[in-house]
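Those protein sequences? They're chains A and B, same order as listed. Each residue of the first sequence is one higher than the one before, counting from 292 in the working numbering. Each residue of the second sequence is one higher than the one before, counting from 251 in the working numbering.
Accuracy of the hints is not assured; some may be wrong.
[As the list claims (entries may be wrong)] So these bits of chain A aren't anywhere near chain B, every CB distance computed over 10 Å:
| id | residue |
| --- | --- |
| 1 | Glu-304 |
| 2 | Glu-423 |
| 3 | His-427 |
[Stated by the list, open to error] Think about it this way: if two alpha-carbon atoms lie no more than 27 Å apart in a straight line, the pair counts; the simulated DSS-like pairs of lysine-lysine are:
| id | chain 1 | residue 1 | chain 2 | residue 2 |
| --- | --- | --- | --- | --- |
| 4 | A | Lys-361 | B | Lys-260 |
| 5 | A | Lys-367 | B | Lys-275 |
| 6 | B | Lys-292 | A | Lys-342 |
| 7 | B | Lys-275 | A | Lys-361 |
| 8 | B | Lys-265 | A | Lys-342 |
| 9 | A | Lys-357 | B | Lys-265 |
| 10 | A | Lys-357 | B | Lys-292 |
| 11 | B | Lys-265 | A | Lys-361 |
| 12 | B | Lys-312 | A | Lys-330 |
Hint data in this document are derived by calculation from the structure and do not stem from the laboratory. The beta carbon of each residue, even a glycine, is placed where N, CA and C say it ideally should be.
As a plain string of letters, each chain reads:
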Amino acid sequence: MVAAKAKKAAGQEDIYYVGVQQPVELRRTLLEASRITLKTLHSYERFKHIKQRRLELTGQLRSTMKDLGKAIAKLKSVLPSVPETPKPTKQAESLKQVGKGAKKGAKATPIPPAPKQVTELQKLEREIASIEEQMHAM
Amino acid sequence: MNPHVPVFVKIDEYKDVLDTVNLVKGKMVEARSLLHEIATLKEEEDAELEQWQSNIDEIESKITAIDKALFADQ
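For reference, chain B alone in the conformation it holds in the complex (with noise of 0.2 Å):
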């Protein structure tokens, strides 16, 4: 094929394609906002996470000083 050859589209067609390349930008548009959407979810989740390991460590520091408040001198 030669890319340098013009192609040419009948008219009533032409309206077709038209319709076909918004139909693709519409789609385009449709998924990049849903793609936005879940990388927003996902940095929630993300953050939701992190807040957990903030708290096992806080708890944990919590049990070791009850565990040396009652324990230690034994």
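Only chain A is shown next, with the shape it has when bound in the complex (with noise of 0.2 Å):
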């Protein structure tokens, strides 16, 4: 890169020049960082798509997992009920130890309220409790 003054007419300030020595291969170089920024943005585009479409999929997953649940509880329903003996298990006796513990003295700590909203999370994680509880009683 080279500086150089140019020739001051009469009346004017003094103007400077800058040399760029390979103009066209700067000028080359540039050209190809902005087509590469397009190609980025066409990229894009597609990525918007294939996301567009493993959304759809996701949620049509989702409903197969629902109807896949309701199709086991129909299966549930439909084998013939056997009687269940639970091994009691340690909470369920814990829970007994705290209830004979709470007759001799203390006052008994009141039960919170259960929310009555109850969100769609926290209903699957009860219904996983509540297998996870069956299969430890078999």
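Quick one: dock chain against chain with the hints and give me the complex.
See the structure below:
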């Protein structure tokens, strides 16, 4: 890069120019950078489309899993019921002991009211816990 | 519950059981297929993101080259 001073015309201020050594190469580099940027933007459109499709499929999968849950529940209802004799779990044991202790002395703590609005997540968590309990009891 | 005691199902209910088991199997196949497709799309997304990363690196190097050519001697 070379700086050059232009000839001064009468009554004008000094004007300086900066020389670019390989202007064609520079322009080419700039155009390439521009091309890559545009390619990235083009790729974004494709990405957006893929993501949209993936979200649609995820929704479908959710629906299928719900149907699967219903089908399993139906299977459960169709199969004959077998009398269950659940093993006393540790939790149940400890609850019994707490109950005994409560009779003897201290005041029973009030049970907090259950939240009225149950979210889908809480509902699923309860169902999972219930199934796990049943499995442990077997 | 004694796991060794056999359970008997009425023959008409047995058909229901079979139908429901087939339904469950069908849903399982559907879910697996959807999951596979989602995984494929996720891989495509990841590939696009990697390409972006590479593009940004390339642009950066070009801008650095331009910067050098214009301002290196100042």
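Now the hints, each set against the structure:
1. Glu-304: Nearest chain B Cβ is 21 Å from Glu-304 (chain A), so the label holds.
2. Glu-423: holds, 17 Å
3. His-427: holds, 13 Å
4. A:Lys-361 / B:Lys-260: holds, 22 Å
5. A:Lys-367 / B:Lys-275: Distance ~15 Å between Lys-367 (chain A) and Lys-275 (chain B) Cα, so the pair holds.
6. B:Lys-292 / A:Lys-342: The given pair, whose Cα atoms are some 8 Å apart, holds under the 27 Å limit.
7. B:Lys-275 / A:Lys-361: holds, 13 Å
8. B:Lys-265 / A:Lys-342: With Cα atoms ~42 Å apart, Lys-265 (chain B) and Lys-342 (chain A) exceed 27 Å; violated.
9. A:Lys-357 / B:Lys-265: Between Lys-357 (chain A) and Lys-265 (chain B) the Cα gap is close to 23 Å, so the pair holds against 27 Å.
10. A:Lys-357 / B:Lys-292: Within the cut-off at roughly 22 Å; holds.
11. B:Lys-265 / A:Lys-361: holds, 18 Å
12. B:Lys-312 / A:Lys-330: holds, 15 Å
Of the numbered hints given earlier, the model fails hint 8 alone.
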